[in-house]
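Participant: Single-letter residue listing:
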Amino acid sequence: MILTGSLTLSRRELVRFYRQRSRIIGSLAMPVIVWALLGTGLQAAFPSGMGKETREFLKYFFPGNLILTILFTSIFSTISVIEDRNEGFLQSVLVSPLSPLSLVLGKVMGGAFIALFQGLVFLTLAPLAGFHFSISELALVIFSIGSISLAMTALGFLFAWKLDSVQGFHAIMNLVLFPMWLLSGAFFPAESASAFIKPLMVINPLTYGMTSLKTAMSGVTDLSAFLVQTGVVWLFGFFFVLGSVLLVSKKREVAL
Amino acid sequence: MSKTLIQFSNVGFSYGDRIALDSLSFDIREGELFCVVGPNGGGKSTTFKILSTLLKPQSGSVSFWGIDGVKHPEKIRPELGVVFQSPALDKKLTIQENLVYHGKLYGLRGASLAKKVEDLLKRFAVFDRKDERVEKLSGGLKRRVEIAKSLISGPKLLILDEPTTGLDPVARREMWSYLDVLRKEQGISIVFTTHLMDEAESADRTLVLNQGKVVTSGTPAQLKSQMGGDVISLKTTHPEALKEEIEKKFSVPVKKVDDELRIEKMEGARFIPTLVEAFPHQILSVTLGKPTLEDLFIHLTGQRFVGGEA
Numbered sequence: 001m002i003l004t005g006s007l008t009l010s011r012r013e014l015v016r017f018y019r020q021r022s023r024i025i026g027s028l029a030m031p032v033i034v035w036a037l038l039g040t041g042l043q044a045a046f047p048s049g050m051g052k053e054t055r056e057f058l059k060y061f062f063p064g065n066l067i068l069t070i071l072f073t074s075i076f077s078t079i080s081v082i083e084d085r086n087e088g089f090l091q092s093v094l095v096s097p098l099s100p101l102s103l104v105l106g107k108v109m110g111g112a113f114i115a116l117f118q119g120l121v122f123l124t125l126a127p128l129a130g131f132h133f134s135i136s137e138l139a140l141v142i143f144s145i146g147s148i149s150l151a152m153t154a155l156g157f158l159f160a161w162k163l164d165s166v167q168g169f170h171a172i173m174n175l176v177l178f179p180m181w182l183l184s185g186a187f188f189p190a191e192s193a194s195a196f197i198k199p200l201m202v203i204n205p206l207t208y209g210m211t212s213l214k215t216a217m218s219g220v221t222d223l224s225a226f227l228v229q230t231g232v233v234w235l236f237g238f239f240f241v242l243g244s245v246l247l248v249s250k251k252r253e254v255a256l
Numbered sequence: 001m002s003k004t005l006i007q008f009s010n011v012g013f014s015y016g017d018r019i020a021l022d023s024l025s026f027d028i029r030e031g032e033l034f035c036v037v038g039p040n041g042g043g044k045s046t047t048f049k050i051l052s053t054l055l056k057p058q059s060g061s062v063s064f065w066g067i068d069g070v071k072h073p074e075k076i077r078p079e080l081g082v083v084f085q086s087p088a089l090d091k092k093l094t095i096q097e098n099l100v101y102h103g104k105l106y107g108l109r110g111a112s113l114a115k116k117v118e119d120l121l122k123r124f125a126v127f128d129r130k131d132e133r134v135e136k137l138s139g140g141l142k143r144r145v146e147i148a149k150s151l152i153s154g155p156k157l158l159i160l161d162e163p164t165t166g167l168d169p170v171a172r173r174e175m176w177s178y179l180d181v182l183r184k185e186q187g188i189s190i191v192f193t194t195h196l197m198d199e200a201e202s203a204d205r206t207l208v209l210n211q212g213k214v215v216t217s218g219t220p221a222q223l224k225s226q227m228g229g230d231v232i233s234l235k236t237t238h239p240e241a242l243k244e245e246i247e248k249k250f251s252v253p254v255k256k257v258d259d260e261l262r263i264e265k266m267e268g269a270r271f272i273p274t275l276v277e278a279f280p281h282q283i284l285s286v287t288l289g290k291p292t293l294e295d296l297f298i299h300l301t302g303q304r305f306v307g308g309e310a
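Order-wise, the sequence lines are chains S and Z.
With our numbering, the residue at position 45 of the first sequence is 45, and numbering never jumps.
With our numbering, the residue at position 229 of the second sequence is 229, and numbering never jumps.
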């Protein structure tokens with residue numbers, strides 16, 4: 001029963017995504033544009049053109065770019081929670097026998113799947129940045145992307161449940177997303193961070209996602225280390241889901 | 001008398017300082033078409049939310065077929081069909097998908113779900129259009145799909161919140177005829193809220209709410225029998241002055257409602273000529289009517305029944 005309900009809601013997320021053409025165009029075009037602009041911009045900025053330094057920076061920056069894509073898609077997929085509330089769909093879910101856990105899992109899995117899809121689209125650019133994976137390496141990269149997607153979608157749900165307007169959600173999430181991304185190690189490694197920044201990086205869930213993704217993309221040499229890094233992402237995800245379930249059970253009433 | 005299906009006992013609910021339900025008690029019986037009517041802010045929305053298990057009462061108890069609905073909402077939910085005032089359909093999904101997905105939330109699946117969906121699509125005459133997306137449908141059709149969707153789980157009780165809001169008269173009639181068939185064929189009990197007094201007249205029993213309290217309740221005939229004969233409405237330029245004069249001269253109670261005067265009197269038709277002859281210049285117009293539920297509301301509360309929209 002938990003699963004049937006959850007799967008129904010996740011499937012609905014995917015159908016809705018597929019039927020909103022603008023979302024598909026956006027998700028396919030975004031990586032291409034990011035990469036084209038970044039590539040040409042860097043080419044102009046570095047005196048050596050598309051030399052070794054440029055390529056190395058592009059390679060360093062690629063996982064950070066990938067995680068940005070996943071982060072935004074995950075979080076903003078939970079806008080559907082607000083839409084469901086405003087369009088009235090949520091009411092009929094709340095009076096159904098569906099448990100709060102199924103509701104949260106359904107929405108989170110649906111959103112995470114869209115983020116995973118988006119991440120995979122971006123990943124097709126990896127060879128251009130100089131990444132080449134074996135099948136098993138690719139599997140770990142996908143596992144890492146999936147884990148980050150789940151955790152971040154759950155975080156988005158936590159915020160979306162409490163907010164009643166899409167505009168408000170955008171405003172708040174931009175405040176949360178950019179610092180999270182900047183402090184995840186996407187730009188600079190944690191080791192070189194200042195004493196003030198370091199603790200923030202430690203409590204940032206995305207830091208662990210970033211580490212997991214970088215480990216996976218550099219070809220996992222130490223599998224147990226990778227599993228621990230990814231495990232921390234799951235742990236964060238677990239707490240976000242738990243928090244969401246508590247919120248849903250606490251306040252079943254919706255604005256009618 | 002049929003069995004009690006739902007029992008509200010001293011149910012109270014407040015939003016901060018504003019009391020929405022003030023120790024409300026009433027019962028709904030099996031197979032009944034039950035109407036909760038009242039002006040906006042009267043407490044019917046709160047009653048609806050408690051009935052649909054969206055809201056827990058702060059005091060008192062609600063029993064659904066003997067089960068405590070406050071303690072065990074999860075036992076009640078599978079047996080309820082709920083139609084909200086604002087549409088609860090997914091606009092991006094087709095009619096059929098809306099029904100299928102909703103059925104799955106109630107744990108239905110496979111061939112039995114498919115069969116139920118098909119039956120409902122046919123019964124509600126939307127089978128030909130089952131693959132159309134809901135966003136393209138008219139208001140009346142959406143409401144029809146909405147009702148079909150709420151029936152997918154085979155509920156014991158169907159709860160509708162202001163179901164005719166936003167529907168044109170044709171769609172309204174059509175909706176009532178569907179509900180009527182449902183009741184007769186499947187013996188399903190139906191509760192609906194409305195702010196339109198005339199809709200209350202078609203119910204088996206009606207509960208009239210005002211400011212979170214029961215104004216009165218009963219069958220339409222019982223309600224009307226509480227009225228004293230006919231209702232005479234007078235339009236006049238100086239209602240206050242005329243009210244006093246009529247009361248002095250004829251010693252009948254006169255109610256001033258907005259700018260109108262209302263007199264309840266047996267054999268009102270005979271009284272009118274006397275009245276008009278006595279005050280030939282003050283009275284602009286006279287209307288004589290059989291009492292409606294709206295008159296009853298005025299009779300009992302002294303207020304005009306103000307519905308949100310006509």
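A few of these clues could be false.
Claimed, not checked - Once the Cα atoms are required to be at most 27 Å apart in a straight line, the calculated BS3-like pairs of lysine-lysine come out as:
1) Z:K92 x S:K162
2) S:K162 x Z:K56
3) Z:K265 x Z:K224
4) S:K162 x Z:K243
5) S:K250 x Z:K265
Derived by calculation from the structure, the hints in this document are not laboratory data.
Participant: Does the alpha-carbon distance linking Z:K92 and S:K162 stay inside the 27 Å limit?
Facilitator: The given pair, whose Cα atoms are some 24 Å apart, holds under the 27 Å limit.
Participant: Below or equal to 27 Å on CA atoms is what counts here, so check Z:K265 against Z:K224.
Facilitator: It holds: about 14 Å lies between the C-alpha atoms, which stays within 27 Å.
Participant: Could you grab the alpha-carbon distance between S:K162 and Z:K243 and see if it respects the 27 Å cut-off?
Facilitator: Outside the cut-off at roughly 55 Å; violated.
Participant: Given the hint that S:K250 pairs with Z:K265, test it: the Cα-Cα distance must not exceed 27 Å.
Facilitator: Between S:K250 and Z:K265 the Cα gap is close to 54 Å, so the pair fails against 27 Å, i.e. violated.
Participant: Is S:K162 close enough to Z:K56, meaning Cα to Cα at most 27 Å?
Facilitator: The hint holds at about 20 Å.
Comparing the model with each earlier hint shows violations of hints 4, 5; every other hint is respected.
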